[in-house]
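Respectively, the protein sequence lines represent chains A and B.
Sequential numbering from 1 applies to the first sequence in our numbering.
Sequential numbering from 1001 applies to the second sequence in our numbering.
Keep in mind that the hints were calculated from the coordinates and are not lab data.
From a predicted model like this one, the values you see are computed outputs, not experimental measurements.
Just to be clear, a hint being listed does not mean it is correct.
Stated by the list, open to error - Ranges of calculated distance between the beta carbons of each label pair, as one might list FRET restraints:
(1) 424(A) - 1198(B): 44 to 54 Å
(2) 1024(B) - 200(A): 20 to 30 Å
(3) 404(A) - 1121(B): 34 to 44 Å
Unchecked claim - Pairs of lysine-lysine, BS3-like flavour, derived with a Cα cap of 25 Å:
(4) 1151(B) - 422(A)
(5) 422(A) - 1141(B)
(6) 424(A) - 99(A)
(7) 1092(B) - 1075(B)
(8) 1064(B) - 1151(B)
(9) 424(A) - 1141(B)
(10) 1149(B) - 1124(B)
(11) 1149(B) - 1092(B)
(12) 1124(B) - 1141(B)
(13) 1075(B) - 1124(B)
(14) 425(A) - 1141(B)
(15) 1092(B) - 424(A)
(16) 422(A) - 1149(B)
(17) 425(A) - 99(A)
(18) 422(A) - 99(A)
(19) 1064(B) - 1075(B)
(20) 424(A) - 1151(B)
(21) 1151(B) - 425(A)
(22) 1141(B) - 1151(B)
(23) 1262(B) - 1247(B)
(24) 425(A) - 1149(B)
C-beta atoms are modelled at their ideal positions from N, C-alpha and C, and glycine is treated no differently.
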Amino acid sequence: MPDAHAGAAAPSVFAVAFKDAALAALVALGLAAPMLGLVTVQTQSGIELEQHWGRVAIAVAIVFAGRLLLNLTLWRPGRKKSLGYVPPKVEARLARFAKYLAPLAILGAVVMPMLPFTERYAIDLGILVLTYVMLGWGLNIVVGLAGLLDLGYVAFYAVGAYSYALLAQYFGLSFWVCLPLAGILAAFWGVILGFPVLRLRGDYLAIVTLAFGEIIRIVLLNWYWFTGGPNGISGIPRPSFFGLDFDRGDDGFAATFGLDYSPLHRIVFLYYLILALALITNFVTIRLRRLPIGRAWEALREDEIACRSLGINTVNTKLTAFALGAMFAGFAGSFFATRQGFISPESFVFMESALILAIVVLGGMGSQFGVAVAAVVMIGGFELFREFSDYRMITFGLVMVLIMIWRPRGLVSTRSPSVFLKEKKAISGSLVQEGHG
Amino acid sequence: MIDDAPALPPELLLRVERLTMRFGGLTAVNDVSFDVRRGEITALIGPNGAGKTTVFNCITGFYKPTVGRLTLASKEGPLLLERLRDHQISRKANVARTFQNIRLFGGMTALENLLVAQHAPLMKASGLTVLGVLGIGGFNKAERAAIEKAKVWLERIGLIDRADDPAADLPYGDQRRLEIARAMCTEPVLLCLDEPAAGLNPRESLELNALLRSIRDEDGAAVLLIEHDMSVVMEISDHVVVLDYGKKISDGAPLHVRNDPKVIAAYLGVEDEEVESVENEISAEASS
Chain A
1 MPDAHAGAAA
11 PSVFAVAFKD
21 AALAALVALG
31 LAAPMLGLVT
41 VQTQSGIELE
51 QHWGRVAIAV
61 AIVFAGRLLL
71 NLTLWRPGRK
81 KSLGYVPPKV
91 EARLARFAKY
101 LAPLAILGAV
111 VMPMLPFTER
121 YAIDLGILVL
131 TYVMLGWGLN
141 IVVGLAGLLD
151 LGYVAFYAVG
161 AYSYALLAQY
171 FGLSFWVCLP
181 LAGILAAFWG
191 VILGFPVLRL
201 RGDYLAIVTL
211 AFGEIIRIVL
221 LNWYWFTGGP
231 NGISGIPRPS
241 FFGLDFDRGD
251 DGFAATFGLD
261 YSPLHRIVFL
271 YYLILALALI
281 TNFVTIRLRR
291 LPIGRAWEAL
301 REDEIACRSL
311 GINTVNTKLT
321 AFALGAMFAG
331 FAGSFFATRQ
341 GFISPESFVF
351 MESALILAIV
361 VLGGMGSQFG
371 VAVAAVVMIG
381 GFELFREFSD
391 YRMITFGLVM
401 VLIMIWRPRG
411 LVSTRSPSVF
421 LKEKKAISGS
431 LVQEGHG
Chain B
1001 MIDDAPALPP
1011 ELLLRVERLT
1021 MRFGGLTAVN
1031 DVSFDVRRGE
1041 ITALIGPNGA
1051 GKTTVFNCIT
1061 GFYKPTVGRL
1071 TLASKEGPLL
1081 LERLRDHQIS
1091 RKANVARTFQ
1101 NIRLFGGMTA
1111 LENLLVAQHA
1121 PLMKASGLTV
1131 LGVLGIGGFN
1141 KAERAAIEKA
1151 KVWLERIGLI
1161 DRADDPAADL
1171 PYGDQRRLEI
1181 ARAMCTEPVL
1191 LCLDEPAAGL
1201 NPRESLELNA
1211 LLRSIRDEDG
1221 AAVLLIEHDM
1231 SVVMEISDHV
1241 VVLDYGKKIS
1251 DGAPLHVRND
1261 PKVIAAYLGV
1271 EDEEVESVEN
1281 EISAEASS
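Next up, chain B with everything else stripped away, as it sits in the complex (with noise of 0.2 Å):
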């Protein structure tokens, strides 16, 4: 199954070839390429409508692409994403996400649900639940050790001390939060943002670029996020790809897109007699 997945070069953790994802007739994602580097926050960023929950939805298994090839360097050699299903996608491939309209488990604690995450072994620890049920074997142990690791994580995103609560009772800030550690305690070599920091308050949305910071440096996963809000992607993102109306329009350093033409065409429009120049260069572009 991966014998024909081709070995990335060692910086690489994401080489996303040739994506194209079609609905019916609507082309929602057209020819994306890009990659994603070990140790660097990527964000994907474009106007409403680009293409970006789409990518994400064909990295993280949710969508087939129609097109392209999803190479991921995983522990045990390059993995094609595009082959595996939505719930391997986690488990064999490492790669977590959290979702635009956050995704909690509402009735169960902030504590149950990073455990949820930690499901794959304790599952294996439970004997598959035969030995579990009896009450022999190791589970205590891991179960301990997924609650140590719970711990850890409900103190590095500050809610240790509503561990016991209903995680639909938290702040929203706390939510977005507690997804994030929801999804790191699957242990992703990738992990995918959707919107993480929407809605949140300028000095959440601080924290959150610290917590992201100390994911990509302590905890060695490559983030990879789309965003709107352009003060987190400047501020945190080591490599900006742009998408506007399915294509990639600019990629690269955060200060090289800033200064984009294209970008600042696709954000902010242009004037009315660059309209013309611009067309012929987008145009120019996209036959060649």
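Same shape as in the complex, but just chain A (with noise of 0.2 Å):
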């Protein structure tokens, strides 16, 4: 009896992986037919459309081949499910590492210029990563502490940079007169989006703040006798070091300090520039957390009804969030203005808004080391696969679905808590919420 059952048993999961194996191969037919069998070259007498329907053939039969292996083996009905599940030991521990690790990789950040080996290339990428650093830490308020999804965070960058870059060509400022003029500013545009805005919950506020992202992109490609319009701004002063400037001159950095004259000084000074800048708002969000109104943020996140029972203006804690975000995208906005010396409308459209959200929550929403991490792994692996142009995006595709699969909350998806008694535990992601705006 029992060998007659195994055998009724035997052919019927096979036939369930081969339906199933066939439908995705339907499906790949389906997407491969018009994106790898048809191509459009261009011949003398115009465009034609080429066919290639082998390799369509191959794409199909990798698929199909791929599934049904996959249905017999890993995905087979019965077989534990170990992906994605990581032990709680396992992630207590990851945690209690990366307590050491963040200090660790502060003095990395401090000392990678100084090292004989590093070239301009790698301080270049330095101030890029650190850029991206700054902004997911900017944003992680707003996203990953508040729980507003914030899908136009550039707009504010774009106001940094703007307001920079404009104050500069029509009053002259300094670099250092402008970089808080930059927050507030943006921190003042964060105020104006987020009065009528934040009445909205989830969805709709997202695509109300993508749009607001169109808009300021918008107004800066059309307003062209303020802005320049397409063609940007340039000449864009470069930031001195307290007064002194970077160049050959006598009265330059170099020469003051007795130094030979080197382009690469600038490169340096820009860096740790960066460094300062992304580690003032990394602290600031991590005291932030702990005084009442980070708390607040945190509150709101897991229930907003529970939080005006108690008290808290809701309109006025989620505005705060929303103005300082916005304020420290400003201020790595006008950094990013002085370190181009140009801005165009085309540094702020919604991919950055997407890839500093990516970021965000790559990281583990509201963990600051787990977003600088996805930043150091965005960004830098962006430029890793720059050679491999066509590939980009669709490396970048998969690493997010892996990741994904992996860990849905992140890198880091533990919460820590903000105060203890005895003991400061981690708390699972599973048991924090993510916020609906």
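Each chain sits in its own coordinate frame; assemble them with the hints.
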């Protein structure tokens, strides 16, 4: 009898697997036929359509065989699902590890430009990565702590960049004066946007912030006489070392300190500047989490109605999160403008917002360390894949999908409590709400 | 704003007058008036759908009543609750509440939950965050005091050993008590509890009774509670208000209410031959 039972069950498992693989192959056929099978080529007489059905057949065959194999091995019914499960013990050990890793990472970032084998390219890449670390930390306040999904974060980055560029162009103000002004202006725009928008929740909030990001970009693009439109603003003053310019002159940075002039000085200075700005963002966020406002943000993410019953003004609380997040984007924006020396609306497209949001989500919403690691991986990885330009986006997408399967709550998925009596225990991500706006 | 709020007699804390709440064509609460006295536990009971939670939502500012006046005798004089926004109810009028389906901050620890409840004083101490970020001012002292207060409450509800555990990890009964403690951390004069005994076992129910009595006697807060568990209601309440189909059908001491034929009819129904007489009685009452 058991034999008969097994005999009846075995083909059924295979049949199910076969059917599923056939379905997947059908989907692959639908996708591959137009994408791989048809190619337009430029000929002398115009554009012609080339057909490559061989490629389609190969793609479909790979999908069919792969799916069948997976169905019969890893995904066989009854097999324990191990994918994406990390035991709590390992999770806790990782979190403890992260505690020591963070100071080490900061130390590494500080000494990196001084190492003898560091090239200019590495420092440039470091500046880029740190800019995104800072943007990620800034957005983390809005998305990770307060749970407000903001898809138009790059708008505040643009406000900061244009604030500095325009103030320098029209009033000749220096970088050090403009840096706080850019932050204040960006925060101001955060509040302006926040007032009408924050009564919306979840998906609706996301859509409106997305639209706001586009509005800012389109205004910058079309306000020709003021912002230069698509030509952007060039000749933005470079930062000075507290009044000393990085040039060959006698009162330049190099001459004053008795060094030989090197263009690297400015790059290194910019590197330390963005490192300092990013660390300030980190420090302020960590402090804010321990203050009532930070706790109110997290409480808001957990349950807005309960917050209201406890006398927390939810509108003001959301506005402060929005304004503070925007302020850090404004700082980063003015740094961006001074580093590039040239800005145009092209630098502030939706893709940037999506990238910063991806950094926050991959890092683990609310985790400072996770966000930093995600920024390094994403931006650094993006740069490494520059040579395979065509496959960059597909790799990016693949990595996102894989991480969302393995670690749906991001790299660091635990929440660390802001205060404790006896013992600080990491809180599992599955208990923490993601926020609904 | 408060100039036209009439002063209440000194023994009264809250006076609900002619409260009516309509949702479109549905009248959830119809012309309900009752008083909550200081230092008493008042129970609001009634069959399912009687409008109890709606009354609560009006008192705590989550709904704006269609008609009616809610006067609360606060420290600064009488306040009209229907004119305050929801978060002001807790701050200005010192009315706190819990929810029928527990609304704790699940991903935050028990201790953090109690600190969020002390948001207003801590916010003041942190100089609206600005001084707090810079680390100057009396914030650290204020936070220590807030933690002490939270500890006192954690001791009282027996959760001191689980202070650092996330609230969502606590057993159901503990979550109920933690929500009450959280509401008490706002230092309310009136504590509104929406079915605090729901889902509790008999032992937990007894502990809850003791906790509510101590809140009334030691903290001096009046308690207004919605409850289905009659053993709790009859045991601890000083005053019972009965709603049925949005209307008040009885009001008085527990014993009086328990023997009120209208209440018995509302809960248990009546025998067939009595239906007509009870209906007549109710319609006579309604028209008078």
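Evaluated hints:
Checked against the given bound of 44 to 54 Å, the beta carbons of residue 424(A) and residue 1198(B), roughly 33 Å apart, lie outside it. Range check, residue 1024(B) to residue 200(A): about 23 Å between beta-carbon atoms, so the 20 to 30 Å window is met. At roughly 41 Å, the beta carbons of residue 404(A) and residue 1121(B) sit within the given window of 34 to 44 Å. The straight-line distance between the Cα atoms of residue 1151(B) and residue 422(A) is roughly 12 Å, inside the 25 Å bound, and the hint therefore holds.
Simply put, residue 422(A) and residue 1141(B) have alpha-carbon atoms about 19 Å apart, close enough for the 25 Å limit, and the pair holds. At roughly 12 Å between alpha-carbon atoms, residue 424(A) and residue 99(A) fall within 25 Å of each other, so this suggested pair holds. About 9 Å separates the Cα atoms of residue 1092(B) and residue 1075(B), which keeps this hinted pair within 25 Å; it holds. A distance of roughly 36 Å separates the Cα atoms of residue 1064(B) and residue 1151(B); the hinted pair therefore is violated under the 25 Å criterion.
Distance restraint check for residue 424(A) and residue 1141(B): the Cα-Cα separation of roughly 21 Å lies within the 25 Å cut-off, and the hinted pair is therefore satisfied. Using a Cα cut-off of 25 Å, the hinted pair residue 1149(B) and residue 1124(B) holds, with the two alpha carbons roughly 17 Å apart. The hinted pair formed by residue 1149(B) and residue 1092(B) meets the criterion: a straight-line CA distance of about 20 Å does not exceed 25 Å. Straight-line distance between C-alpha atoms of residue 1124(B) and residue 1141(B) comes to about 12 Å, which keeps the hinted pair within the 25 Å bound.
Between residue 1075(B) and residue 1124(B) the alpha-carbon distance is near 20 Å, which keeps this suggested pair within the 25 Å criterion. Taken as a hint, the residue 425(A) and residue 1141(B) pair is honoured in the structure, with Cα atoms around 24 Å apart against an allowance of 25 Å. Of the supplied pair hints, the one linking residue 1092(B) and residue 424(A) is violated, its CA atoms being roughly 34 Å apart against a limit of 25 Å. The straight-line distance between the Cα atoms of residue 422(A) and residue 1149(B) is roughly 16 Å, inside the 25 Å bound, and the hint therefore holds.
Distance restraint check for residue 425(A) and residue 99(A): the Cα-Cα separation of roughly 13 Å lies within the 25 Å cut-off, and the hinted pair is therefore satisfied. In summary, the hint linking residue 422(A) to residue 99(A) is supported, as the alpha carbons are separated by about 18 Å, within the 25 Å threshold. The hinted pair formed by residue 1064(B) and residue 1075(B) meets the criterion: a straight-line CA distance of about 23 Å does not exceed 25 Å. With a C-alpha separation of about 16 Å, the suggested pairing of residue 424(A) with residue 1151(B) holds against the 25 Å cut-off.
Taking the CA atoms of residue 1151(B) and residue 425(A), the gap is near 18 Å; set against the 25 Å cutoff, the hint holds. Proposed proximity of residue 1141(B) and residue 1151(B) is supported: the alpha carbons are some 15 Å apart, at most 25 Å. Between the alpha carbons of residue 1262(B) and residue 1247(B) the distance comes to roughly 12 Å, so the proposed pair stays at or under 25 Å and holds. Among the hinted pairs, residue 425(A) with residue 1149(B) is consistent with the structure: their alpha-carbon atoms are about 21 Å apart, no more than 25 Å.
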